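Taking the hints into account, I'd like the entire structure generated from these sequences.
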Amino acid sequence: MPLSSDDELGMDIALRNARAAVPLGEVPVGAALVRAGQILAAAHNETVVRRDPTKHAELLVLEEGLRAVGSGRLADCTLCVTLEPCAQCAGAVVLAKVGRVVFGAYDPKAGMAGSVGDLLRHPKLNHRPEVLGGVMADECGALLQQFFADRR
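If you count the sequence shown from 1, position 52 lands on 51 in numbering that gives the first Met the number 0, and the numbers rise without skipping.
Please note that a few of the clues may not be correct.
To be verified - Listed next, with one range per pair, are the computed distances between beta-carbon atoms:
1. Asp-149 to Ser-3: 30 to 38 Å
2. Val-115 to Ala-141: 20 to 28 Å
3. Ser-3 to Phe-147: 28 to 36 Å
4. Ala-109 to Glu-62: 15 to 23 Å
5. Ser-3 to Glu-63: 15 to 23 Å
6. Gly-133 to Ala-19: 18 to 26 Å
7. Val-115 to Arg-150: 16 to 24 Å
8. Arg-72 to Leu-2: 20 to 28 Å
9. Pro-52 to Ser-114: 15 to 23 Å
10. Leu-23 to Arg-151: 15 to 23 Å
Stated by the list, open to error - Taking lysine-lysine and the DSSO-like style, the derived pairs with C-alpha atoms no more than 30 Å apart in a straight line are:
11. Lys-123 to Lys-96
12. Lys-108 to Lys-96
13. Lys-54 to Lys-123
14. Lys-54 to Lys-108
15. Lys-54 to Lys-96
16. Lys-108 to Lys-123
Simulated from the structure, these hints should not be mistaken for laboratory data.
Remember, it's a predicted structure, so these values are computed and weren't measured experimentally.
Idealized CB from N, CA, C, for every residue including glycine.
Shown next, in the form of structure tokens:
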């Protein structure tokens, strides 16, 4: 599946946000919500800064994006994120009915878009977004690896 211009734009912004998380001590995961060539929202993890384990980049972006569109659905939007979404974030994506999810690095310990499970494409759920993984995976993965290597 080829990358769209929204995918490229969103992944560039997501990676920029992930890099901005590093000096804050946050795990460098960034996300962006794109619709028709326009960034509706962008964020990085804020779990440390806010002392709240639910403040993942994806959830922050979905919340802001839903406000921006004035609806409870994001069917015409693409969520771009530097790391495969976890169960919490994948569940929120399904509930918000995001149309497309594009992510960078796979997460073999918590990823729910094919690594540990596949909540995003579970056949019993009433919404299944289009999913494209491994986009800019080397760059996204290297940022995470360096972050954790520096903390050891």
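Status of each hint after checking the structure:
1. Look at Asp-149 against Ser-3: about 34 Å separates their beta carbons, and that is inside 30 to 38 Å.
2. Remark: the range hint 20 to 28 Å for Val-115 to Ala-141 is upheld by a beta-carbon distance near 22 Å.
3. Checking the proposed 28 to 36 Å range against Ser-3 and Phe-147 shows it holds: the Cβ atoms sit about 31 Å from each other.
4. Between Ala-109 and Glu-62 the C-beta distance comes to about 21 Å, which sits within the given range of 15 to 23 Å.
5. Remark: the range hint 15 to 23 Å for Ser-3 to Glu-63 is upheld by a beta-carbon distance near 21 Å.
6. The hint said 18 to 26 Å for the Cβ distance between Gly-133 and Ala-19, and at roughly 23 Å that hint holds.
7. Here the CB-CB span from Val-115 to Arg-150 is close to 23 Å, well matched to the stated 16 to 24 Å.
8. A hinted range of 20 to 28 Å for the beta carbons of Arg-72 and Leu-2 is consistent with their spacing of about 24 Å.
9. A hinted range of 15 to 23 Å for the beta carbons of Pro-52 and Ser-114 is consistent with their spacing of about 20 Å.
10. Between Leu-23 and Arg-151, the C-beta spacing of about 19 Å keeps the proposed range 15 to 23 Å intact.
11. Between Lys-123 and Lys-96, the direct Cα distance comes to roughly 15 Å. Compliance with the 30 Å bound is thereby established for this hinted pair.
12. Proposed proximity of Lys-108 and Lys-96 is supported: the alpha carbons are some 25 Å apart, at most 30 Å.
13. Proposed proximity of Lys-54 and Lys-123 is supported: the alpha carbons are some 27 Å apart, at most 30 Å.
14. For the given pair, Lys-54 sits about 19 Å from Lys-108 by alpha-carbon distance, which is consistent with the 30 Å threshold.
15. At roughly 19 Å between alpha-carbon atoms, Lys-54 and Lys-96 fall within 30 Å of each other, so this suggested pair holds.
16. With a CA separation close to 23 Å, the supplied pair Lys-108 and Lys-123 stays within the 30 Å bound.
Figure legend: structure checked against the earlier numbered hints; every hint is met.
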